[in-house]
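Asker: One letter stands for each residue in the lines below.
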Amino acid sequence: SQKIEQNSEALNIQEGKTATLTCNYTNYSPAYLQWYRQDPGRGPVFLLLIRENEKEKRKERLKVTFDTTLKQSLFHITASQPADSATYLCAPEGRGTGFQKLVFGTGTRLLVSP
Amino acid sequence: TAGITQAPTSQILAAGRSMTLRCTQDMRHNAMYWYRQDLGLGLRLIHYSNTAGTTGKGEVPDGYSVSRANTDDFPLTLASAVPSQTSVYFCASSRLAPNVLDTGELFFGEGSRLTVL
Chain A
1 SQKIEQNSEA
11 LNIQEGKTAT
21 LTCNYTNYSP
31 AYLQWYRQDP
41 GRGPVFLLLI
51 RENEKEKRKE
61 RLKVTFDTTL
71 KQSLFHITAS
81 QPADSATYLC
91 APEGRGTGFQ
101 KLVFGTGTRL
111 LVSP
Chain B
1 TAGITQAPTS
11 QILAAGRSMT
21 LRCTQDMRHN
31 AMYWYRQDLG
41 LGLRLIHYSN
51 TAGTTGKGEV
61 PDGYSVSRAN
71 TDDFPLTLAS
81 AVPSQTSVYF
91 CASSRLAPNV
101 LDTGELFFGE
111 GSRLTVL
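Keeping their order, the protein sequence lines are chains A and B.
Position 41 (the first sequence) corresponds to 41 in the numbering used here; numbering is contiguous.
Position 87 (the second sequence) corresponds to 87 in the numbering used here; numbering is contiguous.
It cannot be assumed that every hint is accurate.
[To be verified] DSBU-like cross-link-like pairs, simulated, lysine-lysine; straight-line CA separation at most 30 angstroms:
{"#": "1", "chain 1": "A", "residue 1": "Lys-71", "chain 2": "B", "residue 2": "Lys-57"}
{"#": "2", "chain 1": "A", "residue 1": "Lys-3", "chain 2": "A", "residue 2": "Lys-57"}
{"#": "3", "chain 1": "A", "residue 1": "Lys-63", "chain 2": "A", "residue 2": "Lys-3"}
{"#": "4", "chain 1": "A", "residue 1": "Lys-59", "chain 2": "B", "residue 2": "Lys-57"}
{"#": "5", "chain 1": "A", "residue 1": "Lys-17", "chain 2": "A", "residue 2": "Lys-57"}
{"#": "6", "chain 1": "A", "residue 1": "Lys-63", "chain 2": "A", "residue 2": "Lys-17"}
[Stated by the list, open to error] With beta-carbon atoms standing in for the labels, derived distance ranges:
{"#": "7", "chain 1": "A", "residue 1": "Glu-54", "chain 2": "B", "residue 2": "Arg-17", "range": "40 to 50 angstroms"}
{"#": "8", "chain 1": "A", "residue 1": "Glu-15", "chain 2": "B", "residue 2": "Arg-17", "range": "40 to 50 angstroms"}
{"#": "9", "chain 1": "B", "residue 1": "Ile-12", "chain 2": "A", "residue 2": "Arg-42", "range": "18 to 28 angstroms"}
{"#": "10", "chain 1": "A", "residue 1": "Arg-51", "chain 2": "B", "residue 2": "Arg-17", "range": "16 to 26 angstroms"}
{"#": "11", "chain 1": "B", "residue 1": "Arg-28", "chain 2": "A", "residue 2": "Arg-42", "range": "21 to 31 angstroms"}
Hints listed in this document are in silico derivations from the structure and should not be mistaken for laboratory results.
Glycine is no exception: its CB is placed at the ideal position from the N, C-alpha and C atoms.
This is chain A alone, in the form it adopts within the complex (with noise of 0.2 angstroms):
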């Protein structure tokens, strides 16, 4: 069966480091791949989708991307800041699954210090 896996240990970084974030997948091959940022009490929101065929991404700080040898998505923060505190998840398209186009990882959580 499909399985996705994230650090489930906090990440700790100090702030100005670059954090990097693992994703991997197994028994599959998506076909894109999203990340979302979950603060605490809050819903999911949107960061980047990156596609199969693409093997970065970028927005502003962040970069994704996309090892479909390795079955493995990172996900880097540059300069990282406080702000960037929150629990990261890992979406991969669900394929195969017919109508379960996302499944998500647990999430890993983001510390940055000042």
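Got chain A; can you put chain B on it based on the hints?
Answerer: Quick look at chain B alone, frame taken from chain A:
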């Protein structure tokens, strides 16, 4: 623009009682979804709707029902609540339906926290 509005924000419910969680969107999106989020399990799809008048089952549909009488509203009903339905429920919408290649981004509401005792 409000986007997705969910109600109630939180609710405590006795086991065996029924409850309807309300969801309204003002973006004229075709598709709507209900997810539940539990610690360690992430977001799991309960039910979805490609368009008004159609609904489908997600990953964890048992104990829940939905209806889509119009484009804007997508209520989720628990007919007889059980403690395992204690969770945070998120309604979401997307411009495109999941029966096309790419739904585009999902827009989420702020969630309804339900506790079943």
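Asker: All hints are to be evaluated individually against the structure, with a verdict given for each.
Answerer: Hints, one by one, checked against the model:
1. Lys-71/A with Lys-57/B: holds, 28 angstroms
2. Lys-3/A with Lys-57/A: Holds: Lys-3/A and Lys-57/A sit about 23 angstroms apart, inside 30 angstroms.
3. Lys-63/A with Lys-3/A: Distance of about 23 angstroms is within 30 angstroms: holds.
4. Lys-59/A with Lys-57/B: violated, 34 angstroms
5. Lys-17/A with Lys-57/A: With Cα atoms ~19 angstroms apart, Lys-17/A and Lys-57/A stay inside 30 angstroms; holds.
6. Lys-63/A with Lys-17/A: Holds: Lys-63/A and Lys-17/A sit about 14 angstroms apart, inside 30 angstroms.
7. Glu-54/A with Arg-17/B: 40 to 50 angstroms: Holds, at about 48 angstroms.
8. Glu-15/A with Arg-17/B: 40 to 50 angstroms: 48 angstroms Cβ-Cβ, so the 40 to 50 angstroms window holds.
9. Ile-12/B with Arg-42/A: 18 to 28 angstroms: This hint holds: roughly 21 angstroms between Cβ atoms.
10. Arg-51/A with Arg-17/B: 16 to 26 angstroms: Violated, at about 45 angstroms.
11. Arg-28/B with Arg-42/A: 21 to 31 angstroms: Given a distance of about 23 angstroms, which is inside 21 to 31 angstroms, the answer is holds.
Against the hints set out earlier in the document, violations occur for numbers 4, 10.
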